[in-house]
Amino acid sequence: MILVVVATPQDAAKFLGDPEQRRFGARDTGGGLRHEHTHALHFGQMVRLHQLHPIWAQEGLATLFQDWRIGDKGRLVMLPNLRSNDLADRLRRGQAMPWTDFRALESESFTAPPRWNDA
Numbered sequence: 746m747i748l749v750v751v752a753t754p755q756d757a758a759k760f761l762g763d764p765e766q767r768r769f770g771a772r773d774t775g776g777g778l779r780h781e782h783t784h785a786l787h788f789g790q791m792v793r794l795h796q797l798h799p800i801w802a803q804e805g806l807a808t809l810f811q812d813w814r815i816g817d818k819g820r821l822v823m824l825p826n827l828r829s830n831d832l833a834d835r836l837r838r839g840q841a842m843p844w845t846d847f848r849a850l851e852s853e854s855f856t857a858p859p860r861w862n863d864a
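Throughout the sequence shown, residue numbering follows the working numbering, covering 746 to 864 in sequence.
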């Protein structure tokens with residue numbers, strides 16, 4: 746079951762980012778909601794398979810499905826978003842974290858400020 750709650754900014758803090766309680770919160774009804782909905786679906790699949798995926802894979806999947814459109818022949822076209830644009834910029838400037846270091850990040854380090862690890 747997926748429950749959608751429209752909350753005030755003050756109440757939203759009670760619902761944001763609590764995967765242990767299987768609660769995910771979106772700050773908007775567009776890309777943010779699609780991002781969190783992807784987390785909810787992915788989390789359910791991980792539970793069913795008894796298979797916890799690393800945080801970078803969870804965030805990457807949710808970011809991939811965050812912004813999209815239906816293209817030619819009804820195919821899904823993924824669109825750039827803030828995170829993918831930031832990553833592309835870091836790669837161009839040679840400032841991206843090395844892949845081996847990125848894959849080794851624990852959840853706490855990955856989600857710590859400045860929160861651009863999931864880019």
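Since the hints were made in silico from the structure, they are not lab data.
Note that the structure is predicted; figures quoted are calculated from it, not measured.
All residues carry an ideal CB built from backbone N, CA and C; glycine is no exception.
Mixed in with the good hints, there may be bad ones.
Derived DEER-like restraints, expressed as beta-carbon distance ranges [stated by the list, open to error]:
1. Arg838 <-> Gly789: 36 to 46 Å
2. Phe788 <-> Met823: 27 to 37 Å
3. Leu794 <-> Thr856: 20 to 30 Å
4. Val792 <-> Thr856: 15 to 25 Å
5. Leu806 <-> Thr845: 15 to 25 Å
Going down the list of hints, with the structure as the test:
A C-beta distance of roughly 38 Å is found between Arg838 and Gly789, which places it inside the suggested range of 36 to 46 Å. Taking the beta carbon of each, Phe788 and Met823 are about 21 Å apart, not inside 27 to 37 Å as hinted. Judged by the Cβ atoms, the range 20 to 30 Å given for Leu794 and Thr856 holds: they are separated by roughly 23 Å. For the pair Val792 and Thr856, the supplied restraint of 15 to 25 Å holds, since their beta-carbon distance comes to about 20 Å.
Under the hint 15 to 25 Å, the C-beta atoms of Leu806 and Thr845, about 20 Å apart, fit the expected range.
Hint check: a violation occurs at hint 2 only; the rest are consistent with the structure.
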